[in-house]
Amino acid sequence: MKSHNMSFQEKLLDSFIAFEQDVDLLNPIHKDRKDALKRFEELGFPSKKDESWKYTSLKSLVQKDYNLYAKSETNVELKDVKKYLLNDIDSFKIVFIDGVYSPFLSKTTHDGKDICVLSAALSKDKYKKRIKKYFNKVVPSAESLASLNTSYTKEGAYIYIPEGICPEDPVQIMHFSTGSQNSIWLQPRNLIIADKGSKIEIIERHQSLKDHSVVTNSLTEIYAERNAFVDYYKIQNDLKTSSLIDNTFISQERDSNVSVHTFSFGGKLTRNNLNFYHKGENIQSTLKGITILESNQHVDHNTLVNHAQPNCESHQDYKGIFSDRSVGVFNGKIIVDKIAQKTNAFQQNNNILIDNKSKVNTKPQLEIFADDVKCSHGCTVGQLDKEALFYLKTRGIPEKEAKALLTYAFANNVLESVNIPNLKTRINSLIANKLGVNLGFDL
Amino acid sequence: MAYTEEELKKQLETKEYEYGFYTEIDSETFPVGLNEEIVKAISKKKNEPKWMTDWRLDAYSTWKSMEEPNWSNVKYEKPNFQDISYYSAPKKKPDLKSLDDVDPELLKTFDKLGISIDEQKRLSGVAMDVVVDSVSVATTFKDTLEEKGIIFCSISEAIQNHPELVRKYIGSVIPKKDNYYAALNSAVFSDGSFCYIPKGVKCPMELSTYFRINQAGTGQFERTLVIADKSSYVSYLEGCTAPSRDENQLHAAVVELIALDDAEIKYSTVQNWYPGDKKGKGGVYNFVTKRGICHERSKISWTQVETGSAVTWKYPSCILKGNNSIGEFYSIAVTNNFQQADTGTKMIHIGKNTKSTIISKGISAGKSQNSYRGLVQISPFAKNARNFSQCDSLLMGNKCGAHTFPYIEVQNKSAQIEHEATTSKIGEDQIFYCNQRGIDTEKAIALIVNGFSKEVLNKLPMEFAVEAQKLLEISLEGSVG
Chain A
1 MKSHNMSFQE
11 KLLDSFIAFE
21 QDVDLLNPIH
31 KDRKDALKRF
41 EELGFPSKKD
51 ESWKYTSLKS
61 LVQKDYNLYA
71 KSETNVELKD
81 VKKYLLNDID
91 SFKIVFIDGV
101 YSPFLSKTTH
111 DGKDICVLSA
121 ALSKDKYKKR
131 IKKYFNKVVP
141 SAESLASLNT
151 SYTKEGAYIY
161 IPEGICPEDP
171 VQIMHFSTGS
181 QNSIWLQPRN
191 LIIADKGSKI
201 EIIERHQSLK
211 DHSVVTNSLT
221 EIYAERNAFV
231 DYYKIQNDLK
241 TSSLIDNTFI
251 SQERDSNVSV
261 HTFSFGGKLT
271 RNNLNFYHKG
281 ENIQSTLKGI
291 TILESNQHVD
301 HNTLVNHAQP
311 NCESHQDYKG
321 IFSDRSVGVF
331 NGKIIVDKIA
341 QKTNAFQQNN
351 NILIDNKSKV
361 NTKPQLEIFA
371 DDVKCSHGCT
381 VGQLDKEALF
391 YLKTRGIPEK
401 EAKALLTYAF
411 ANNVLESVNI
421 PNLKTRINSL
431 IANKLGVNLG
441 FDL
Chain B
444 MAYTEEELKK
454 QLETKEYEYG
464 FYTEIDSETF
474 PVGLNEEIVK
484 AISKKKNEPK
494 WMTDWRLDAY
504 STWKSMEEPN
514 WSNVKYEKPN
524 FQDISYYSAP
534 KKKPDLKSLD
544 DVDPELLKTF
554 DKLGISIDEQ
564 KRLSGVAMDV
574 VVDSVSVATT
584 FKDTLEEKGI
594 IFCSISEAIQ
604 NHPELVRKYI
614 GSVIPKKDNY
624 YAALNSAVFS
634 DGSFCYIPKG
644 VKCPMELSTY
654 FRINQAGTGQ
664 FERTLVIADK
674 SSYVSYLEGC
684 TAPSRDENQL
694 HAAVVELIAL
704 DDAEIKYSTV
714 QNWYPGDKKG
724 KGGVYNFVTK
734 RGICHERSKI
744 SWTQVETGSA
754 VTWKYPSCIL
764 KGNNSIGEFY
774 SIAVTNNFQQ
784 ADTGTKMIHI
794 GKNTKSTIIS
804 KGISAGKSQN
814 SYRGLVQISP
824 FAKNARNFSQ
834 CDSLLMGNKC
844 GAHTFPYIEV
854 QNKSAQIEHE
864 ATTSKIGEDQ
874 IFYCNQRGID
884 TEKAIALIVN
894 GFSKEVLNKL
904 PMEFAVEAQK
914 LLEISLEGSV
924 G
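Here the protein sequences come in this chain order: A and B. For the first sequence, position 353 matches number 353 in the numbering used here, and the numbering has no gaps at all. For the second sequence, position 414 matches number 857 in the numbering used here, and the numbering has no gaps at all.
Mixed in with the good hints, there may be bad ones.
[Claimed, not checked] Below, a list of computed lysine-lysine pairs in the BS3-like style, where the Cα atoms sit at most 27 angstroms apart: (1) B:K798 / A:K359; (2) B:K673 / A:K54; (3) B:K842 / B:K673; (4) B:K722 / B:K842; (5) B:K722 / A:K338.
[As the list claims (entries may be wrong)] Label-pair distances were calculated between CB atoms; the ranges are: (6) A:G378 / B:K493: 34 to 40 angstroms; (7) A:K59 / B:E589: 34 to 40 angstroms; (8) B:P474 / A:K59: 44 to 50 angstroms; (9) B:K488 / A:D35: 56 to 62 angstroms; (10) A:G378 / B:G870: 55 to 61 angstroms; (11) B:P647 / A:F346: 47 to 53 angstroms; (12) A:G378 / B:S508: 38 to 44 angstroms; (13) B:K493 / A:L13: 53 to 59 angstroms; (14) A:S7 / B:P823: 32 to 38 angstroms; (15) A:G436 / B:R610: 54 to 60 angstroms; (16) B:K488 / A:S47: 42 to 48 angstroms; (17) A:N412 / B:G870: 27 to 33 angstroms.
The set of hints was computed from the structure by calculation and includes no laboratory data. Being a predicted model, the structure only gives us computed values, none of them experimental. Note that the Cβ used here is the ideal one computed from N, Cα and C, for glycine as well.
With the hints as extra help, turn the sequences into a complete structure.
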């Protein structure tokens, strides 16, 4: 499985010694880093020969060379990035510029909850126990890109919500890249823990401020303890020069409820590896996404829900709209273990192809070992209903608007489960932008 | 005849393989092992022309350079290709004129199978080609068919008598180097059936092939080639059994269908190779490559009932090359004990207005694993392509598994693809509904299982449905009927 691209891969392996100068070698997690590097060395970058990478090639990405660090801290003013943030000024934000934490743009806290950065949590003794309990515990070792991220663990968001706490506002995790280097490879690492009965809403966004080549190999671990509630939104609307590999691993305890919404509108190549692992009964997992692509963009949703305990539910709903040589991939997998009786797993993937140059590859898989389960998946590829379009046109709605209306309707299932009103408005306007219309109302 | 689910499960687990007998027939078997000499010897034995020998040798050299695939969702001990005898034929008289010439032992075999050729010939009006081990032993109704210009014979005869047809079409749908087992088959196939339906002829009867592995230590490599010329129609049936043995026998067949403009081919299979015993010992490895090509306005329909084999690994496929062509796939796969099945279909849409339907029903019991793996591919030129796929799985007990791996690749905006899959056991609410209507639980279960597979069973031709019913009797359908 050794990759064709030895140069950048080797650079990643060689640079580790330099990286070690920068981090605390005595921290117990350093062993995780070293083990992970070894695994990455063995596995290399995934190639098209790997079943889960059949439709997405990293070749064009990893053939190039990247800097692993930004040159120097670049001055980014609030006004440069304000438009990417949601309007609530008071809410907590964790902002990174070229992978480096920006205290000036962020608003963090240690008051009653921890919303801060991972480097701080790693360096302080009082977090040691918790880091030891959670760090890298849900990440499977066979994943090469996850291993690569683990080996370079240094910075990212750290959120800990203690028992019974429910912060009102969502937390925003923002990654900006400034283009201080021509090309850069970023590897943020987020650790999110929602303790018993707590609730947290999180919005994550990666954004480049200039069109330079940037690849982000991000990893997020989410732990939902008993009866915890986590609502996670990913906005992927980056420039066409940036690529994102998003690895998310979620561990859920009894009675917890985690939902992840992924909105993929931008970027050159986006790969979402979204994995749910169930550790207790009566768990709810929701995975939803809207993908609207054009001009050579490529988005690959690779999801896994591992039902390992009885009486759990999972719900997946992904909508895709593709035009102008864009490629959409959906690779959903549901595994139901032997003991996971009374599982209710649902998976749906609907796609619309706008023209013949775009492509959809979808592979919804079920692997079921228990007999008393309700599992189903549905998958469609088609186009906007001609008769519905005609109907709208007879009512005096121009074609473009009529198409946009139908597209809205198509995506609405996913949109309506967005719980943050501000975010909903934002996504609505992003979709309107993408479709080039102004309908003058919000759905 | 009413059973509870428990009893049904039990019966499934303990069902015996009815066709596990072995017949003493004087046969001629090649020494085990595979090399160029063996390939040449098979070709020589068959008195084949040079182009055929070269074709085989070419396939052999490709095969040598290939690696055995292992991407499927089945686990098995890889066969040792040097331990298999590649040619085993019942010793027969040089020329078979009528059934009287057939070895009486062999006829008894068919009696046991319940398919007495004699009987068949008189009563059911099915023309039949019987292949034991690797060689075609009897072809019935040849004369009746000849009147219509239909050629139905063993492939070795076809190579002798109709070389131009064989040469033109063999390997045209499944190239020699298509996959590991197709390459192996191309090199060593010893016999099989050949069928040609001339222009505008509607074949008046069902054509049927019966395959049986008899000798120990042999592999069966048969090759079937069906050509339906313009505006013709044929319905083709295929059945298979093998004796119970502790070893794993290999069956690697290749079936090629060619439907020219406006033609229709209906290909039905009832596969009941020996599935191994309750502990998973023995059984046939069924690694088959089946594919059909559809020209303009033609239609190919695959129907399969898979009840046997220790490991089944096959994907009957349609290449919808012509405009307005239609591909269909109807399948029931029943796995029990330690059986494993990885089966499904590929629908390759190339022509405009092409349509395909996939209905797959999987029933798993015991400790078996049942996978559906399918591909629906819409090329950029396939305007208005339409596909509907439905894969349903029924699980009995929590030691078995049901898996679905559908691949959908679409490159044309006018395509309409629907795929749905469900996995369930017999629902409590379904039974409740029946109870409410005064149907007791046992009957309700029978009713539901029956309905689950009926959709596919109905697609089998009448003549074959009787036999399929009989084979399913020991599995599911009959036990609840």
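inquiry  = Output the indices of the hints that this structure fails to meet, ascending.
reply    = 2, 3, 6, 7, 10
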